[in-house]
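Student: One-letter residues, chain by chain:
Number of protein chains: 2
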Amino acid sequence: MPNKARANLETLYRIFTVPETPDSTLGAVDQAITDNVAGFLQTHIVAIEQSLEQIEAGFSSCAIPEEPTYVSEYTEFVKANLVAQSVHTAAPGFVGHMTSALPYFMLPLARLMTALNQNVVKVETSKAFTPMERQVLAMIHHLVYRFPKEFYSEWIHNSQAALGAVCSGGTIANTTALWVARNRLFAPDGVFRGIAQEGLARGLRHRGIDGIALLVSERGHYSLGKAADLLGIGRDHLIKVKTAENNRINMQALREECRRLQGENIRPLALVGIAGTTETGNVDPLEEMADFAEELGCYFHVDAAWGGPTLFSDSHRRLLNGIDRADSVTIDAHKQLYVPMGAGMVVFKDPTAVSAIEHHAAYILRHGSKDLGSHTLEGSRPGMALLIHAGLSIIGRKGYEILIDLGIQRARTFAELIRQHPNFELTSEPELNILTYRYCPKTVQQKLAEVSPEEKARINAILDQICLLLQKYQREAGKTFVSRTRLQMSRYKEEITVLRSVLANPLTTDEILASVLTEQCEIVRKTEIQALLAQIDPYPIQ
Amino acid sequence: MPNKARANLETLYRIFTVPETPDSTLGAVDQAITDNVAGFLQTHIVAIEQSLEQIEAGFSSCAIPEEPTYVSEYTEFVKANLVAQSVHTAAPGFVGHMTSALPYFMLPLARLMTALNQNVVKVETSKAFTPMERQVLAMIHHLVYRFPKEFYSEWIHNSQAALGAVCSGGTIANTTALWVARNRLFAPDGVFRGIAQEGLARGLRHRGIDGIALLVSERGHYSLGKAADLLGIGRDHLIKVKTAENNRINMQALREECRRLQGENIRPLALVGIAGTTETGNVDPLEEMADFAEELGCYFHVDAAWGGPTLFSDSHRRLLNGIDRADSVTIDAHKQLYVPMGAGMVVFKDPTAVSAIEHHAAYILRHGSKDLGSHTLEGSRPGMALLIHAGLSIIGRKGYEILIDLGIQRARTFAELIRQHPNFELTSEPELNILTYRYCPKTVQQKLAEVSPEEKARINAILDQICLLLQKYQREAGKTFVSRTRLQMSRYKEEITVLRSVLANPLTTDEILASVLTEQCEIVRKTEIQALLAQIDPYPIQ
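Order-wise, the sequence lines are chains A and B.
Counted the way the numbering used here counts, the first sequence spans residues 233 to 774.
Counted the way the numbering used here counts, the second sequence spans residues 233 to 774.
The hints are simulated quantities; they were obtained by calculation from the structure and are not laboratory data.
Predicted, not measured: the structure shown is a model, and the values here were computed from it.
Glycine included, each C-beta is placed from N, C-alpha and C at the ideal position.
Hints are not guaranteed to be accurate.
[Stated by the list, open to error] The calculated lysine to aspartate or glutamate pairs, modelled on EDC-like cross-linking and capped at a C-alpha distance of 16 Å, are: (1) A:K602 - B:E285; (2) B:K711 - B:E754; (3) B:K602 - A:E496.
[Said to hold, decoys possible] Label pairs and their calculated CB-CB ranges: (4) B:F309 - A:N478: 54 to 60 Å; (5) B:G495 - A:H592: 54 to 60 Å; (6) B:E754 - A:T584: 54 to 60 Å; (7) B:R718 - A:E526: 43 to 49 Å; (8) B:R439 - A:T584: 36 to 42 Å; (9) A:Y724 - B:R598: 17 to 23 Å; (10) B:Y302 - A:E727: 36 to 42 Å; (11) B:E305 - A:L700: 48 to 54 Å; (12) A:K704 - B:M483: 53 to 59 Å; (13) A:E727 - B:R718: 55 to 61 Å; (14) B:I694 - A:T584: 32 to 38 Å.
[Unchecked claim] Computed from the model, here is a short list of chain A residues facing chain B with C-beta under 8 Å: (15) G401; (16) N478; (17) L680; (18) V683; (19) P685.
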C-alpha cells in the first residue's frame, strides 16, 4: 500500500474509533464541552447579546474546508461562536417560549441514543427500539383513551396496526393525523381505488363534492395551514372559526361556517379542537366539538401538542374532557414531557386507522413486518422514543402531575401579579400555564373603556409599539425573556400586540416573575418609550 | 408551605438541576452508560439474538408508572432490555443498511446540542444556530451548484430567501422539494391565487389539466410514493419508469411515458433523477434527464440522499454530472456525511424557490424575520445542523473524499470476490458503494442461461427461498449482516430476491467481506437449505 493511502486510512481509523485511554481526546473534548455548557448555564441567562449580523460574520463562507480541522480547534470555535451565542432556553427566567429545562438524566440517555444510532424505520436497524416505541405509543394512547388492558394486549405489538406514530414534532403529528383523515374520507369504494392511489381531484369527483375543509378556531397552530397546503386542500379551506370568551372556539360560529360550506358543496374533512392554544394556552370545548363532529359524521382531531400532559393531573384533567372522543390526538414530547427537541407524537383511537397511509418497499417495510416505517410520514428516524420512555418511567405519572400543577399554579400567581400591578393589563386569563398581557397602565385601561373607537385604535397602536420595543429591549438585555404575539380580544376591534409568557420551567420562581415585571417597568423609562407614552397623554402614567 | 408540597418541589429541583459534585448521580449514570456502550460495542457484532416476541415482553405494559423510578434502576433496565437488544449499526460487519459508524467527535457534540436544546424554528430560541444552519445549506448548495462567491454573499443570510432546508431526513427533503415543485406549477396567476391558497382541484381546473405526474425510475425511493399520496397527486401518477442497463432510468421509456401522459392530459410535474439508488447504488443519466426536463419545461429534482457526497471525490464526481442542472437536490447527512440519525437536507438552485411554501404566524416566523421555520415542512426542530457543520469542518472535503473513494474501492473488491466465488452471482455492478448478489452456484447460473422460461422461474423461486433463509440465519447469528431486497434484472423475467450490501463503514476490511461470504456458505450447509438446493438437481452444487 502506498504511503499516502496508508496515512489516509490511519486518519480514518483515528476519526472513527473511540480512543482507548481515558485521558483521550474524546474525554478531553467531552469534558471541555461539558464544562463549558455548565459554565454557560451558570453565567448567562439568555445569551450574550450580539446582533445577528455580527454572529453571521462567523458563518459567512460557503466553501467547505478543504483540509481537516483538529477537533480541539473546532471545539474552541464552537465555544466562542455558537455556545456563547445561543439562547439559554433552560434558564428559569426564559418564560417566553415552550422550550424549558431538561431533567438531568436526559443528557446521558440522549448520548446513549446517539451512540447506538438506531434507525427505527425498520426492525433490522432498531430491534428493541421498535417494541419500546410501540410501548410508548400505548402508554400515551392509554393516557388519552383509557381503553381496557385487553385492548392494549391485542394491539400494542400487532404488526397489522399502530396506536400512533412518534415523529419529529407537532407539525408532522398534525399533518399525519389530517393525512389519515383525508385518506379515510376518500377510502377505496367500488371502482374508486382511494385517494392514495388516484389523487385528490378524482376523489372529489367520486364523492361529488367541490372541496374539503378543515375547521379550527382562529387560535389554531400555523402547522394546520401548512397541512392544508401540503395535502392539496388549500388554505382557503382551512376555516379559522371565531373564538368566544377565553379564546375557545365559538360553537355557534362553527355551526354557521359548516352550514355555509354545505351551501358551497364543500365537505368538512375534520374539526380540529385545541387543548392548549399556542398563544394563550386555552382549551376548546372538546365535548361539544365531539358531539358536533358526530352529528356531522366528520373526523375529530385534537391538537394537544402543548396541553396533552394536563391529563397527568388529577386536579386539572377535567379541562380536557372529551379528548377521548377524538379520532386522533397530537402530543409533543419535547414540550411538556420535558424531552429534548425533536419528539412529537400522534395517537389514533382506531388502531387500524393508519392503514389509510400504509406503504411498503421491497428492501424494508415488507407486508406483515413490524417495521414502524410502514405508516409514518418520515422515513429514517432516531430512537427518540427512548427519551420519552425514560421520562414516563423515571418521572412517573405523579411526577408529571406535580409539574403540570405547578405550572398552572404559577400562571395564576403571575396573572394575579399582573392584575394587581398598576402598569399592566392581563389580556388572556391562564387556563393552563400560558398567559398574555401588555404594558397598559390602569389609568389608560379605564380611558380605553370610555373613548371612541377611533381613539381606542390610536391608543392601541401606540401600546403596540411600546409592547414591541419592550420585548425587544428585554430580550437584548438577556436577563429574562417573554415572547410577543398579536391577539384579537372581544373588548377591542383591532388586533393588539401582547406579551406572552409560558410557565413550564419548574425552576422558575415567583420572585423571577416579579422581576420580569420590574425589569419591564425599568425598560419603559427609556426615552424612546417615554416619547411614545407621552402620546397617550393626557392620561397620567405611573 | 405544606410539607408535601415542599417535598414535591425538592424532588423537582433534584430532577431538573445538574448536581454539582463530580461523583454525582449524573456522572455515575453517564459513566455506566458510556462503559456499557463501549462494552457492548466490543463484545457483540450485531445484537444478542432474542426473538422480537421475547423482547416485546419487556415492553408490554400500557400503564404509565404511577410512581417515579430511580435513575440508576432505569439505567439497569435500559442496559439489559434495550442496549443489549439493539443492533450494532456501527459494527464493521454490519454492511446491510445505510447506517454506519460515527466519527467519535459526533458524540460529545450531539450531547452539547442536546444540552443547549435550541429550537431552530425561530431565532428567539436558536440565535447562532440560525446563521450556522444557513451556512451549512450554503456549503451544500455550493458543493452541488458551484455558483460564484458573490451569489452566496447575497443569499446566504438573506431573510427573503433560503438556499434549502435542514430536516429530519430524506423523506421530508424529497417531500419538501416536490411540494415546492407543485406549488410553483400552480403559482398565483391572474384571478387564481395559487394552489397553496385555493387547493389542488382548483389548480388543475385553472391550468385546464386532468392531473399531474411524477416520473422516476422503478428504483425510486419509497418516499416518493408517500409524497405523491400526501400532495394529493395519487400513486397512480407516480410513474415508475423502466430501467435500462445498470439500474439507470431508460430514457426511451421515459419519453414514451411522457407522451402517454400528454395524451391523457396529465402534465409531468417533475422528473426525479436518482444519484445512488437505495437498492443498488446506481446513478441515473442526470445530464440527459436535465435536457429532457428542459425540453418539457418541467421541474427536475435529484434524489441524492445517498450518493450526493460523491461530489466530494475528484475521481468519482463525474458520475453525478448534470446534478447542478437540477432545480433541487436531496442529500442526507445521516448517511454519507456520517452524522447521527435524524439529519436530511434539500437545496434549491433558485434561492427564492421556497417562497412557494412560505408561511407565517403572529408569534413567530413574522415577515422579514430570519426564522428558519417560515419555509420548512417541519416546525420545531433541533440544532442537528451543528453536527453537519462539525463533520464538514473537522473531516473536511478531503476527508470525505477519502471515505467516498474507499467505499467505492471496497465495493469493487467485494464485487470481484463475488464474481470469483463458485457459489455466488453478482446481480448488480457497484457504481458507487452498494451492490447486490445472491447465492447461486456458477453451475446453476450456466443452466439458467439455457433452460426454458418456466424452468428459470422454478429455479429462481427456489433461489429466492434460499436467499431469504440465508439472510435470516445470518442476521440471527449476529456476526455479520447484509440486507435483502427484490430486484428485476434484464436476464430474468421474474423479480428475484437478492442480498444487498452497503459499504460505507471505513472500518470494514476486505477480510470482513471475505468472511461474510464464508459464513453464508456455512449457513447453506444447514439441512433446511440443503433440501431446497436438492430441488435444483440435477445441477451439481459445490
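Student: Could you run down the list of hints and mark each one as holding or not?
Tutor: Hints, verified against the model:
1. A:K602 - B:E285: OK: A:K602 and B:E285 at ~11 Å, within 16 Å.
2. B:K711 - B:E754: holds (13 Å)
3. B:K602 - A:E496: violated (39 Å)
4. B:F309 - A:N478: 54 to 60 Å: violated (43 Å)
5. B:G495 - A:H592: 54 to 60 Å: Given range 54 to 60 Å: violated, Cβ gap about 30 Å.
6. B:E754 - A:T584: 54 to 60 Å: At roughly 42 Å between Cβ atoms, A:T584 and B:E754 fall outside 54 to 60 Å, so the hint is violated.
7. B:R718 - A:E526: 43 to 49 Å: 45 Å Cβ-Cβ, so the 43 to 49 Å window holds.
8. B:R439 - A:T584: 36 to 42 Å: holds (37 Å)
9. A:Y724 - B:R598: 17 to 23 Å: Holds - the Cβ-Cβ distance for A:Y724 and B:R598, about 21 Å, lies within 17 to 23 Å.
10. B:Y302 - A:E727: 36 to 42 Å: violated (50 Å)
11. B:E305 - A:L700: 48 to 54 Å: holds (50 Å)
12. A:K704 - B:M483: 53 to 59 Å: holds (56 Å)
13. A:E727 - B:R718: 55 to 61 Å: Hint holds: Cβ distance 57 Å, inside 55 to 61 Å.
14. B:I694 - A:T584: 32 to 38 Å: 36 Å Cβ-Cβ, so the 32 to 38 Å window holds.
15. G401: holds (5 Å)
16. N478: violated (18 Å)
17. L680: Since the shortest Cβ distance to chain B is 21 Å, the answer is violated.
18. V683: violated (25 Å)
19. P685: violated (22 Å)
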